[in-house]
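Sequences are here, hints too, so could you generate the full structure?
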Amino acid sequence: MYIVTNTTTLYIGITSNIQSRLYQHRYGEVEGFTKHDHLNRLVWLDRFRNVNDAIACEKKLKGWRRSRKIALVEQTNPSCLDLSDDWEQQPDVYASRYNIEEMI
Numbered sequence: 153m154y155i156v157t158n159t160t161t162l163y164i165g166i167t168s169n170i171q172s173r174l175y176q177h178r179y180g181e182v183e184g185f186t187k188h189d190h191l192n193r194l195v196w197l198d199r200f201r202n203v204n205d206a207i208a209c210e211k212k213l214k215g216w217r218r219s220r221k222i223a224l225v226e227q228t229n230p231s232c233l234d235l236s237d238d239w240e241q242q243p244d245v246y247a248s249r250y251n252i253e254e255m256i
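If you read the sequence shown in this note's numbering, its first letter stands for residue 153, the second for the next number, and so on.
A couple of the hints might just be wrong.
Stated by the list, open to error - Here are the in silico distance ranges between beta carbons for each label pair:
(1) Asn-202 x Pro-230: 26 to 32 Å
(2) Gln-227 x Tyr-179: 27 to 33 Å
(3) Tyr-175 x Arg-199: 16 to 22 Å
(4) Glu-210 x Glu-181: 30 to 36 Å
Hint data in this document are derived by calculation from the structure and do not stem from the laboratory.
Quantities reported herein were computed from a predicted structural model and do not represent experimental measurements.
Note that CB positions come from ideal geometry on N, CA and C, so glycine has one too.
This is the structure we're talking about:
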């Protein structure tokens, strides 16, 4: 599961291949919301072993207020840096430093 932004809008999605999906967002290969709003900065990322758990979590997070989504991002990425800028230098991009279940 991931969150991308353009600094004003947040988008929550799930994927099994974040690099490929982010490429699609950045180069307009995904029609709709993310293409229109140029959502291309990866600011939050978490892994799930079970796709059903990821879908359930995605649905819950999409129901959150914006302020709560921002708080989630800021827990692991307080500067809202693009986590994909340097995949090699950021081995800890996954939000494993806290328990997502506590936020839900």
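**Prompt:** Which hint numbers does the structure go against, in order from smallest to largest?
**Reply:** 4
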